[in-house]
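Protein chains in written order, with UniProt numbering: chain X, 1 to 184; chain Y, 1 to 184.
Hints in this document: simulated from the structure, not taken from any laboratory.
One copy or any two copies: either way a pair holds, since identical chains are not told apart in the list.
Only pairs whose alpha carbons sit at most 20 Å apart, straight line, appear in this in silico EDC-like list of lysine to aspartate or glutamate:
| no. | residue 1 | residue 2 |
| --- | --- | --- |
| 1 | Lys95 | Glu111 |
| 2 | Lys169 | Asp142 |
| 3 | Lys169 | Asp140 |
There are 2 protein chains.
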Amino acid sequence: MRADAQDNRNRILAAAEEIFGRTPGASTEDVAKQAGVGIGTVFRHFPTKVELLEAVLTVRLERLRDRATELADEPDAGAAFYGFFSQVVAEASTKLAISEALVASGSAAGETARSAGAGMREAFGKLLSRAQQSNAVRADADFPEVYALLIGASRGATAAGLDPAVRDKMLDILYDGLRPAPTG
Amino acid sequence: MRADAQDNRNRILAAAEEIFGRTPGASTEDVAKQAGVGIGTVFRHFPTKVELLEAVLTVRLERLRDRATELADEPDAGAAFYGFFSQVVAEASTKLAISEALVASGSAAGETARSAGAGMREAFGKLLSRAQQSNAVRADADFPEVYALLIGASRGATAAGLDPAVRDKMLDILYDGLRPAPTG
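Can you build the whole structure from these sequences, using the hints too?
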């Protein structure tokens, strides 16, 4: 792809992320306007709204995967795990809006988004293992239930348009459950 | 309503709860077949699919409210709170399927379902207060975050079609977070 085409593509994706994250039912025209490109340019890059939504979701999942991968080098494995968990939950409402817009378009996430999601889960699993090795997360918590808690907290925070103070108190309770029981 | 009409209504509601809980996209005809009544009888009681879905959701919320109200008399306030929490999460997938069928019909829950939901939340709040008074739930957990955890756990359990063993481990972690910190 030529540099200016790549530049347009990135601007369209950034605009789409912002607009669909706020208003799942927004139109492709709203995206074009926000990106400062013609509607024809949007359709050249993303022939359908489903393709555009899928690309936005993929970018978001890849960004989370990269963030988790980066955090795996943090010296404080507990802070890395809990920090990533909180970030996913805080960003959940816009991500969920995009997933729901996809479902409303009669389409589930396709292969690219699914593979980005798998990469994110794998990186999150590494953060969990490291946090357990450094005794910041209880050893008897396996990936499936911890991942279910991540999804659940994200949805719980979103469902009620939860205010940030309530979200933080919810996460405090959850994190107390995830920490190893005090010994002695 | 005459006794036989009431009887038909109840059979339609029971059939609809089972069918929509399993298959949100099921048709009113499937419900009539399962209830053993004619499609005309279904439409006489519930002129639209939205009205039928709404009635099913209301019955479900009222049942949970009644269960919570009953449990408020249990001598073991902790067992009552955690038992009710687990029951809501275990039943969540069918309830969510019904809510989602409503949303897919282009309709949110109407006044009757909303008021049944408010009754359920109020009864759950009482279970929470009693459990806190008997030191089975930490005193610093307020209703909004505990309710967010209930919604979140329900959605987390449903999202992945979570198997019951994983669901129970997820709830164990959550309940450890909800219990008061051990003293001494």
